[in-house]
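Student: If you read the protein sequences in the order shown, they are chains A and B.
Heads up: the first sequence begins at 1 in the numbering used here, then just goes up one per residue.
Heads up: the second sequence begins at 1 in the numbering used here, then just goes up one per residue.
Some clues are possibly wrong.
As the list claims (entries may be wrong) - Which residues of chain B face chain A? A few of them, derived with a C-beta cut under 8 Å, are:
#1 Ile17
#2 Asp246
#3 Phe311
#4 Glu312
What the hints assert, rightly or not - In silico DSS-like cross-links for lysine-lysine, where the CA-CA straight-line distance does not exceed 30 Å:
#5 B/Lys617 x A/Lys28
#6 A/Lys29 x B/Lys26
#7 A/Lys29 x B/Lys31
#8 B/Lys618 x A/Lys29
#9 A/Lys18 x B/Lys217
#10 A/Lys18 x B/Lys31
#11 B/Lys290 x A/Lys60
#12 B/Lys24 x A/Lys28
#13 A/Lys128 x A/Lys13
#14 A/Lys93 x B/Lys298
#15 B/Lys31 x A/Lys30
#16 A/Lys53 x B/Lys618
#17 B/Lys618 x B/Lys217
#18 A/Lys29 x B/Lys177
#19 B/Lys217 x B/Lys277
#20 A/Lys29 x B/Lys24
#21 B/Lys378 x B/Lys615
#22 B/Lys24 x A/Lys13
Note that these hints are calculated values from the structure, not bench results.
Nothing here was measured: the structure is a model prediction, and the numbers come from that model.
A virtual CB, placed ideally from N, CA and C, is assigned to each residue, including glycine.
Each chain, letter by letter, is given below.
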Amino acid sequence: MMRFLLLFSRQGKLRLQKWFMPMSEREKKKIIRDMTTMVLARQPRTCNFLHWKDLKIIYKRYASLYFCLAVESQENELLALEIIHRYVELLDKYFGNVCELDIIFNFEKAYFILDEFLMGGEIQETSKQIVNRSIEASDMLQEGDNSEWYEVELFG
Amino acid sequence: MPAVSKGDGMRGLAVFISDIRNCKSKEAEIKRINKELANIRSKFKGDKALDGYSKKKYVCKLLFIFLLGHDIDFGHMEAVNLLSSNKYTEKQIGYLFISVLVNSNSELIRLINNAIKNDLSSRNPTFMCLALHCIANVGSREMAEAFASEIPRILVAGDTMDSVKQSAALCLLRLYKTSPDLVLMGEWTSRVVHLLNDQHMGVVTAAISLITCLSQKNPDEFKTCVSLAVSRLSRIVSSASTDLQDYTYYFVPAPWLSCKLLRLLQCYPPPEDGAVKGRLVECLETILNKAQEPPKSKKVQHSNAKNAILFEAISLIIHYDSEPNLLVRACNQLGQFLQHRETNLRYLALESMCTLASSEFSHEAVKTHIETVINALKTERDVSVRQRAADLLYAMCDRSNAKQIVAEMLSYLETADYSIREEMVLKVAILAEKYAVDYSWYVDTILNLIRIAGDYVSEEVWYRVIQIVINRDDVQGYAAKTVFEALQAPACHENMVKVGGYILGEFGNLIAGDPRSSPLVQFNLLHSKFHLCSVPTRALLLSAYIKFINLFPETKATIQEVLRCDSQIRNSDVELQQRAVEYLKLSSIASTDVLATVLEEMPPFPERESSILAKLKKKKGPGAVSVTELDDNKREGGELNGGADRGPDTAQTLEHDISLSALYWTPASTQCAYLQFIKDETRGLIFSQLSVSG
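The shape of chain A in the complex, shown without the other chains (with noise of 0.2 Å):
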């Protein structure tokens, strides 16, 4: 399973923080201390995979992002790197060429889009047509929101 996601800027400076498994807060901040350093120091043109602890740090760079997961140690790696591609996917069709200021502006939306296909620390759904059709009635459910509420029939 997965056991944290991390995106963070060029300087260090954390975007966003997805725990799958219960932690302290001063672990937490250990762990993003330690991410951060030991990301930003790789030198381009190396492997996406390291080794910490008991666990394997996969992370790719999108633009000025750096995302980083972690998983167990039995885990597919170049399949942990297709789902962070996913993510990328999945917020680039929200967002229309997302770029780091969106998800500093639309936080807890990128917090939802991650909670449609990321649960427990597994993946949810692989199918990207049919997370976005969720993401999408989602928002029209928003927008419908001042009137009482009604069922809406989104998938399937």
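With the hints as your guide, set chain B onto chain A.
Tutor: Then chain B, alone, in the frame of chain A:
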């Protein structure tokens, strides 16, 4: 793209975020945040009841402040209130807040659980998913107690929507991981396994994560999943890329599902049923074949997905360890990847080959790649890749290539990253001992280790070389000579002094005949390093000096002079002072016979599990090292320490259970007490002589 929030606006939030970003200093940021916190506090306490939108906005602001790294100690109640709102977005923010800021207040927990219960029974799939998500995100014991019995029901109920089933499966998985005793599968087992046949690929993907975890703990109960998994896998692998529609990822059919199926199969031994096994082998062969076909797309996502399945299939082949044909093919495929352009693939190939190296079928095949791996060790720019290459060399080492591999690892050590040196040292020491046929090579290797990476040579390593030299007569002279030469280097490491001091103390007589290494020369050499060493080393050297007095009576006067001087007998360190005083006394009053008995040559050490191996296991964690070691007992047919075919003059015999470490770190008086135990007759004599002279 809009720097302002999409969808529902929440302008206040966007403005606040802008303000924070425009703060020029940390102090300004804190000031702005405090101002906002005060504002929100007053709004929450105010007389006017807040409308849902405002509550949502403020809770979101609090969340933002928290994620920035500041502590938040209020807002939970308001967030919990949002949970009971009818509006989706308000609920959503409420759930997000409580998932991120988990609170252990029992009243709040009760309210939260209530809200979740309402949402779960609401029959609204979006609300149900939100609730399930919250349970999966928080996964606390209280939630498990409240919901663990209900979720399996939701999972297998016929009228549950697919999306809810997916969420239920993963939610249950999360609860199982944290509170396995509360999740009782019992009656649900077969229905859950049956989810593998579901039409909806998403449901299968989610269910499989759950089943894999459950199978690991209860393999027998879930073993029916094996044949279902095989048929599902075979359907996917043989499907055309258009069949699976949106579950095809860059022309690769259902990569996540395929990998999860392969991982599930790794929880079980190869299927017994011939038909199932046949189908599986066919699948694996197809996957291996596909790797050789030209790629359908140039995008890296395509190759990553395809290779992900390939690596997982290879893991399964290695796990089964029973199909020589597949194992050799896997090895060849990995061999190709070793020279691939992409660093990621070279890294993964090296890692995968490590596990392959321990299989008896493919061990030889792995060895054929030794030159490529050595080349990787020397030329790879990425330190992680070099490290995997070093790991692989360790795994593929055996009698035929030990000397070559140890030499390569030693030269790598000279320029290796500091963070990995200790592990490398342990590995070289283990290999050198395991495959030594000629023990002078072993001694050379360890002394080289000390020379190259002295700081990282832990105690276990140099204790071991001394144990071996003591146990093997044939190498004692060589050890004495080599250590003597090594000590002549102008800047030699303290560990070298320790080893040298001990060996010369025991076996210096073997080289004393040569004028270049005469007793006085040996003593002066050791003593020249004395003042540079730490207290434990000096203690060791003092012991070596008293041994010299016994071995070379002509040095007695010189050494006594050294022992007698103030810096020894009045040394502020209790251990050093005690040794100096007692050794001085011993040398002056004991007769040559008594001295010779007390300082007799150290008897051989008992053979036990190598403490070096234990230390390496502890360092790397379980599973990282054990594979080779376990198999070695199978292959070499002997103990780790000795190895069966060491040669005709194998060392053995143990009457004495001496712990080597005790020798150095126990006070002199305890060492004396210990010698008593061995030589009962002389004990009385020594102590009565000592007490007579006061």
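Student: Does B/Glu312 pass the interface check with chain A, least Cβ-Cβ distance below 8 Å?
Tutor: Holds. Min distance 6 Å.
Student: Please work out if B/Lys618 and B/Lys217 have their alpha carbons no farther apart than 30 Å.
Tutor: Distance ~25 Å between B/Lys618 and B/Lys217 Cα, so the pair holds.
Student: Given the hint that B/Lys24 pairs with A/Lys28, does the C-alpha gap stay at or below 30 Å?
Tutor: Answer holds: B/Lys24 to A/Lys28 is near 26 Å, not above 30 Å.
Student: A/Lys29 and B/Lys31 were given as a pair; does the straight-line alpha-carbon distance stay at or below 30 Å?
Tutor: holds, 22 Å
Student: Are B/Asp246 and chain A close enough, Cβ to Cβ, to be under 8 Å, as the hint says?
Tutor: holds, 4 Å
Student: Is B/Lys290 within 30 Å of A/Lys60, Cα to Cα?
Tutor: holds, 27 Å
Student: B/Lys24 and A/Lys13 were given as a pair; does the straight-line alpha-carbon distance stay at or below 30 Å?
Tutor: holds, 15 Å
Student: Under the criterion that the straight-line Cα-Cα distance not exceed 30 Å, is the pair A/Lys29, B/Lys24 satisfied?
Tutor: holds, 23 Å
Student: Holds or violated: B/Lys217 and B/Lys277, Cα atoms, limit 30 Å.
Tutor: OK: B/Lys217 and B/Lys277 at ~23 Å, within 30 Å.
Student: Keeping to a limit of 30 Å between CA atoms, is the pair of B/Lys31 and A/Lys30 held or broken?
Tutor: holds, 25 Å
Student: Between the alpha carbons of B/Lys617 and A/Lys28, is the straight-line distance 30 Å or under?
Tutor: Status holds; Cα separation ~27 Å.
Student: Taking only the CA atoms, is the gap from A/Lys128 to A/Lys13 under or equal to 30 Å?
Tutor: holds, 29 Å
Violated hints are absent here; each numbered hint is respected by the structure.
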